[in-house]
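Chains A and B, in that order, give the protein sequences. The opening position of the first sequence corresponds to residue 1 in the working numbering, with each subsequent residue numbered one higher. The opening position of the second sequence corresponds to residue 98 in the working numbering, with each subsequent residue numbered one higher.
Take the hints with a grain of salt, since some may be wrong.
[Unchecked claim] Simulated coverage check for chain A against chain B, where a stretch passes if three residues somewhere in it have a Cβ under 8 angstroms from a Cβ of chain B:
no. : stretch
1   : 1 to 9
2   : 12 to 22
3   : 25 to 32
4   : 36 to 47
5   : 57 to 67
6   : 90 to 96
[Stated by the list, open to error] Residues from chain B that face chain A, not an exhaustive set, calculated with beta carbons under 8 angstroms:
no. : residue
7   : I119
8   : F123
9   : A171
10  : I180
11  : F184
12  : H190
13  : S213
14  : L216
15  : A225
16  : Q271
17  : M280
18  : L284
19  : T307
20  : L308
21  : T324
These are calculated hints, taken from the structure and not from any lab test. All C-beta atoms in this analysis are idealised placements derived from N, C-alpha and C, irrespective of residue type, glycine included.
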Amino acid sequence: MIFAIIIGMSLVTMIPRIIPAFIVDKLQFRDWVNRWLNAIPYAALGALIFPGVLMVKPDEPHIGLLGGVVAIILAYIGLNVILVVVGAIATVFLLST
Amino acid sequence: MAVDTAENKGRSESIHMVRKGIATGFPIMLGYLPIAITYGVLAKQSGMTLTELTLMSVMVFAGASQFMGANMIAVGAGAIEIIIATFVLNFRHFVMSLSFMNRLRSIGLNWKAPLSLGLTDETFAVSALHPKEAKMEKGALFYTALILTAYFSWIFGSFLGGILGEVIPERLSQSMGIALYAMFIGLLVPSVKKELKVGLIAIIAMLINTLCIQLGMSTGWAIVLGTILGGASGIYLLKEERR
């Protein structure tokens, strides 16, 4: 039973991922579609960050928010992504009791 | 002799791309390991065997839906229900894959198809912010190395969580929940510094996502709408092709 669930989950995740690989070769997009697609990474990052970051500690949303603010500051001063991640983890760790 | 040097050059170029891919994928590994371990622990508690939970990581490779799947298995939800919920939650990968594959036009389908299967929120975010490699020779190896680094750390972490159980103290594992968000922020901020409009696109997407959730939409669809509509603002904001 669980095995069937895994196969089903695998198929429904693979299909949306792989279809674009085949269709981009067939299609030539207009300029505005290319601009749209090139903006997708930034839009996706925005949608993935907020409001999800508030749910790091669901009962205390300010902790996730502060962790996020620390990450913004560390990234802004030009630190490597790894240090940004470590700094944010440390912030949340120190704030949660 | 000349052939030999050309061959050598090709090989060192390949090695360079693979190394660069692993280095670029390293932050994903850092973010994935604690989350994968947590998934392993949770999946074990929900009654899955070590083989099943590891197999799910091998075959599904999608964090959020695996957590949801394990949860739904624990509460005894039906197979069809779980599979439909997974589809809804992961439909955003269609949009991301379309954007990513459009960047990889110069790479053959024999590379594009397998690469597309390794697309997650995290591998997409990192790859999409490294569009230059798509134009380089052996660029496919860069993305392959990056994705495999993420893939293996996800599988390894799940397996580890499955055998070790509650190894990480709760306070620490909960703190690590911020890791992927911090990575997303760490990726976004440098792009915003380079071009302020990019930040506006992200903020529009955040607002749309928040609004959709307030309206009672599921997380999956809210992210899809936020990404598509937020991205649409790029039609006006990103004036000319920056390729």
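Each hint, compared with the structure:
1. 1 to 9: That given contact holds, which follows from 9 residues of the stretch 1 to 9 of chain A lying within Cβ reach (below 8 angstroms) of chain B.
2. 12 to 22: With 10 residues in contact (Cβ-Cβ under 8 angstroms with chain B), the coverage given for the stretch 12 to 22 of chain A holds.
3. 25 to 32: holds (count 4)
4. 36 to 47: holds (count 12)
5. 57 to 67: This one holds; 3 residues, not fewer than the three required, reach chain B with a Cβ under 8 angstroms.
6. 90 to 96: As far as the stretch 90 to 96 of chain A goes, the hint holds, because 5 residues have Cβ atoms under 8 angstroms from chain B.
7. I119: Since chain A brings no Cβ nearer than about 13 angstroms to I119(B), farther than 8 angstroms, the hint is violated.
8. F123: holds (7 angstroms)
9. A171: violated (11 angstroms)
10. I180: Since the shortest Cβ distance to chain A is 4 angstroms, the answer is holds.
11. F184: Because about 4 angstroms separates F184(B) from the closest Cβ in chain A, which is inside the 8 angstroms limit, the hint holds.
12. H190: Holds, because the Cβ-Cβ distance from H190(B) to chain A comes to roughly 5 angstroms (cut-off 8 angstroms).
13. S213: Status holds, d = 4 angstroms.
14. L216: With a minimum Cβ separation of about 5 angstroms from chain A (threshold 8 angstroms), the hint on L216(B) holds.
15. A225: Since chain A brings a Cβ to about 4 angstroms from A225(B), closer than 8 angstroms, the hint holds.
16. Q271: holds (6 angstroms)
17. M280: Since chain A brings a Cβ to about 5 angstroms from M280(B), closer than 8 angstroms, the hint holds.
18. L284: Given a least distance of 6 angstroms, the restraint on L284(B) holds.
19. T307: holds (5 angstroms)
20. L308: violated (10 angstroms)
21. T324: Since chain A brings a Cβ to about 5 angstroms from T324(B), closer than 8 angstroms, the hint holds.
Checked against the numbered hints given earlier, the structure breaks hints 7, 9, 20 and satisfies all the rest.
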